[in-house]
Amino acid sequence: MSVEFEEKIHNTLADSNLQLAIYTATGRLKDKRTETVASDELPEYQELRTQANALKKHTIENLDYYLEEFERNVEAHGGKVVYAKDGTEVADFVLKLAKERGARLIVKSKSMTTEEVDLNERLEHNGLESVETDLGEYIIQLAHERPYHIVAPALHMTRYQVADLFTKRLNVPRETVIEKQTAIARSVLRQKFLAADIGISGANFLVAGSGAVVLVENEGNIRLTTSAPKIHIAVAGIEKMIPRAQDLAVFLKLLGRSGTGQLLTVYTSFLSSARRSGEVDGPDEFYVVLLDNGRTRLLPDRGKRQSLYCIRCGACLNTCPVYRKIGGHSFPWVYSGPIGAIITPQFMGISHEPKLPFASSLCGACSEVCPVKIDIPKVLLELRSDVKKAEVRDHRNRLEKLAFRAFAWLMTHPRLYEMAGRLAAAAAPGSSGWIRGVPAPMNIGPLRAWLSQRDLPPAPTRSFREMWRRR
Amino acid sequence: MSRDNILHRVRTALGRSAGQVVADPPPVRIRIPVVDIEQRISTMFARIEALAGATHRAATPADARAFVAAAIEGQSAVASNAPFLAECGIATLPGVRSGVTDREELRALCATADVGITSADYVLADTGSLVMIASPREARLVSLLPPAHIAVVPRDRILTGLDELFTILPNPAEVTSSMVLITGPSRTADIEQILVRGVHGPGRITVVVVG
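Just so you know, the sequences run in chain order W and G.
Using the numbering used here, you'd call the opening residue of the first sequence number 1 and step up by one each time.
Using the numbering used here, you'd call the opening residue of the second sequence number 1 and step up by one each time.
Source of the hints: derived by calculation from the structure; they are not laboratory data.
Please note that a few of the clues may not be correct.
Taking lysine to aspartate or glutamate pairs in the EDC-like style, the calculated list, with each CA pair at most 20 Å apart, reads [as the list claims (entries may be wrong)]:
1) W:230 x G:102
2) W:32 x G:4
3) W:32 x G:24
4) W:80 x W:68
5) W:230 x G:104
6) W:180 x G:49
7) W:32 x G:126
8) W:85 x G:4
9) W:80 x W:285
10) W:57 x G:24
11) W:80 x G:104
12) W:355 x W:4
13) W:30 x G:192
14) W:325 x G:38
15) W:230 x G:105
16) W:80 x G:4
Bear in mind the structure is a predicted one, so any value in this text is a computation, not a measurement.
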């Protein structure tokens, strides 16, 4: 376990206020979910999960087809689709567009995908102002932190910490009443919305058959981000695809309930283009950036590709006994909880934090609540196996490197080399040499494995150097 | 170019070739229950009230006009260009600005108005959601920038739920750039899980059903 990972876990466990905050918040979300999916509330819940799983499986297995269909439909309505292999390409696209349009201020709505590629930092580094507008995201942006939870980014902060932060960063009198803190954020951000040149959103779903981006939220900041500025850019992972608008009848019923125990979130936006002829408001330009950033790396594996079905509801975090103790910031990347434990090693490579797939009791609570039925414990087991295989490979490599370093050293020291040659000749099986009873190299532990695929010629009784001297 | 690279990587990973056809996606089971209009209205009202929204049943367009007039008394309001609002005489109420077709002008109005008045293309009974389809008749910001939102809807636009909506409108992209479902007032619980209404969108919402 990396020292950092271990240290963060211990710090979280030792902080009793934080323990209470995590436990209460996740507990509340968990209970609300349970109420809204109960069989008297939603008798078809299990059937919806099965359908959602089948739809995601079908889409992922034919992803290239749906990506192209999506692209055609976006372009048919005058929008543009841009593919990006990583964060640099996303930032380059936004920076180029901002430069062409003379844009300086960007409003952003919450998006795990842009967190993944540190988009704000990249844009600000290049002189743009990029402001998060979801209340929780705004708070953690001011605090320079990462989201603590997929749906509740500032879950770990108290009103008093928010008060200190606002006083320090916004130059406002200290305010500890949550309603008033919210009003402060509303008025600061309202000015940003009205002045912004570009709005950047994520996407909950991409509808291939419509060329549409679907976004869910409670605050209204996504609607403002996508409606007020003249340019809207949606940044989405390629796996967000679903085939048809009608499939939303399945996914929307699951997402709100699983995430926050709502039948539907307050706002659900279905956006397919810039404003059309006669529409009074809305953006003039509409772009969708489709991000890979490691996703195609996990497509080949039939067992593990289900990790891409995730709709980021956060239900697995709220129910996970490990997340509920170690919290979101112990995890090594932006995605935390059970889903973070399976996608982080696959997006970033297992060496990023090899102990991550082991930080689970495999109790299975996560897959029981997963609205798209991802078998998270099974994927964790497969990742554990990958980690172990890599460790074995790594161990062998280390021995091999050591052996070659010793050999190189010997080669550069002629006297020692000659001596070693004589020893080898003396020990060679069947020779009349003076060393007896030494096991042949192909019978020595690690050498045996190495030599099983390689030939080692027997040492001659007289070396070339010896023959040269006696010539 | 990343587009071709990514598509190539996807195809290689999945063992597919360019242009290869795809079987139909698994069917989605759509349920449209038979629910009479009175039941739909009472379910919808109960849902909206549970979310701290207000509701009102107006027998006639004139009743709706009187209700809205009382609700916005002494406040500034902006109304969308929905024909139904004109039919009810709401667009011409004193203190109401309507008929705006310029983006900047509308934006400035919405940013300062106390109340935004719209109709809705549909209402979903089982979730209490307004379905707002952007068009020359309904702009996006009227239901978004003012701190209060009043929606006035004829009763024949009340659908049972999402399944019926996507049956009537299998591809919303064909008719609009933006379809938004509004389910209750804007809210957040981002600080200590304490519920606060009206964070960015309207904190008060009133749905008036006419007929």
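task: Given the hint that residue 230 (chain W) pairs with residue 104 (chain G), test it: the Cα-Cα distance must not exceed 20 Å.
output: holds (11 Å)
field: Restraint check for residue 80 (chain W) with residue 4 (chain G), where alpha carbons must lie at most 20 Å apart
entry: Given pair residue 80 (chain W), residue 4 (chain G) holds - Cα atoms ~16 Å apart, limit 20 Å.
message: Hinted pair, alpha-carbon criterion (20 Å max): residue 355 (chain W), residue 4 (chain W). Please report holds or violated.
response: holds (12 Å)
Residue 180 (chain W) paired with residue 49 (chain G) [C-alpha distance capped at 20 Å]: Violated, at roughly 24 Å.
20 Å Cα cutoff - pair residue 230 (chain W), residue 105 (chain G): Holds. Residue 230 (chain W) to residue 105 (chain G) sits at ~15 Å (cutoff 20 Å).
message: Tell me if the straight-line CA distance from residue 80 (chain W) to residue 285 (chain W) falls inside 20 Å.
response: holds (9 Å)
- request: Assess, step by step, whether the Cα of residue 85 (chain W) is no farther than 20 Å from the Cα of residue 4 (chain G), and give holds or violated.
  value: holds (11 Å)
query: Are residue 57 (chain W) and residue 24 (chain G) close enough, with their CA atoms no more than 20 Å apart?
result: Within the cut-off at roughly 13 Å; holds.
query: Do the alpha carbons of residue 30 (chain W) and residue 192 (chain G) lie within 20 Å of each other, as the hint requires?
result: holds (16 Å)
- prompt: Is it true that the CA of residue 80 (chain W) sits at most 20 Å from the CA of residue 104 (chain G)?
  reply: violated (25 Å)
message: residue 230 (chain W) and residue 102 (chain G) were given as a pair; does the straight-line alpha-carbon distance stay at or below 20 Å?
response: Cα-Cα ~14 Å, so holds.
task: Could you grab the alpha-carbon distance between residue 80 (chain W) and residue 68 (chain W) and see if it respects the 20 Å cut-off?
output: holds (12 Å)
Violated hints, in rising order: 2, 3, 6, 11, 14; the structure is consistent with all others.
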